[in-house]
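Enquirer: Using the sequences plus the hints, can you model the full thing?
Here's the letter readout for the chains.
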Amino acid sequence: MKKLINDPADVVPEALRGLAAAHPELRVDHENRVVLRGDAPRRGKVGLVSGGGSGHEPMHAGFVGVGMLDAACAGEVFTSPVPDQVVAATRGVDGGAGVLHIVKNYTGDVMNFEMAAELVSAESDTEVVAVVTDDDVAVQDSLYTAGRRGVGVTVLLEKLAGAAAEEGRPLAQVADIAKRVNATGRSMGMALTSCTVPAAGRPTFDLPDDEMEIGIGIHGEPGRRRVPLAPAREVAEMLVEPILGDLDMTGGDGVIAFVNGMGGTPLLELYLMYAEVVAVLEKAGVGVARNLVGSYMTSLDMAGCSVTLLKADDELLRLWDAPVRTPSLRWGA
Amino acid sequence: MTVVDAAALTAWVREFARLVHEQRDTLTQLDSAIGDADHGANLDRGMTAAVAALETTPSDDPAAVLKTVATTLIKTVGGASGPLYGTFFLRASGTLDGGDGAALAAALRAGYDGVVARGKAERGDKTMLDALGPACDALDEALAAGKALDEALGAAAEAAAQGRDATEPLVARKGRASYLGERSAGHVDPGAASATLLVEAAATALAGRG
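Line by line, the protein sequences give chains E and R. Just so you know, we're using our numbering here: the first sequence kicks off at 1 and counts up by one. Just so you know, we're using our numbering here: the second sequence kicks off at 1 and counts up by one.
Keep in mind the hints are simulated off the structure, nothing from the lab. Take these hints with a grain of salt, some might be off.
Said to hold, decoys possible - EDC-like mimics (lysine to aspartate or glutamate), calculated; alpha carbons at most 20 Å apart, straight line: (1) Lys75/R to Glu123/E; (2) Lys75/R to Glu31/E; (3) Lys120/R to Glu114/E; (4) Lys75/R to Asp248/E; (5) Lys120/R to Asp301/E; (6) Lys75/R to Asp314/E.
Here the structure is a predicted model, which is why all the values come from computation and not from measurement.
Expert: And the structure:
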């Protein structure tokens, strides 16, 4: 393993120190490993809290700022934050209008956020609503799985719900928008290589040079199936078709198309993939209203990508275009 | 007769921490196959913290020992194993009443029920319950048959190990391994493996206590 680290056990706190140094506009609670907007809590504004295991940067701390999250909790690598962190974040952003928890659907994340919400409600009258994202079409939503994973839609949701909260909308409306985004967005991912968890020191799985994993999540877990390596054109079909098969994306105001890098894939290839995704969508009669291309929700150093499509409408497009100013997503502000 | 006192439970916790540390890489390897390669590291971190907490705030109250372990795990582990093992010790602490084998068995059963409730899982889902459940059953049966506690815990450890091994062919229905579908078959569940260490630690730590 070659990594730019000191001690594998210190990766998360040391990265947070760097984030704090690079972004003085944010406030980092090093004890609780929570990153907050410098001006939190904002009186009368719904607070948005997300969090999860580290290793997915820039998600979530890179999305803390104006028009997006108020706080992000950083767990250990690929391990959800503990309830105390979420409680600290919730208290830190509570401006009297309630707090929205944005939780990706993983057993650990859901349990830790639930326990945190129980603790907050036992100790204060802060209103907390949780929205759980579960947009990964690679997983069947059935009694026989932990349900679909929360992946790419989470990034779009944090932007869109963040814009709604910034407008001063009440908690119920912000939560409704968040739920609508999750209900109308779907994702599918693939990997060319595994990733290496610092504490483990070697790749999580072996993937021969001539094979790829289809239907991966964001934790280096193997995908649904392993297939021979194929050209980007075919990979785009393998990712987009299951999404379109799961949810009709035609008509309306088009989609927000998000091609996300898993951490080890250059932007050159992501743009190439975006062109292939657009071509598949055109053939299917799906228009693209907005797009996002880049590595926003990564799996450490994994090579590969995911595609997320979100069925848009006027309101969602307006919220998408609203100003955002965070370390990793910024426009119009 | 008091055999399950604070010192005995502390010894159990220390032995569990020792086993987790010793088998940290094995647990992580199991988790690499069907999960996310962090079970050994996370549980080792949590149990190391639990042992340290028991040294900082030792107690003569058996229930307090278990509660310290519970809150430390919930505070330090994260992921799914933090809330699940934390809930196990928390419920065991709340139920522990008395110092005999039956009291310990009732506490372990309450811990098991807590994990069922928190994880919304059941036996056969390829989780830690597949080791803990058979262990609780074997412990109850052995005590009901009049066996001494250490012998009964030995039977429980054996049942846990059998339950752990029986997870190998199963297709996971809960937790991260369930995302793999059929591909999760052919691997032992890492949670069942660490839960077996928990029961084996009890058998070792309480051996000779009658």
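Enquirer: Hint by hint, where does the structure go against what was stated? Just the numbers, ascending.
Expert: 4, 5, 6
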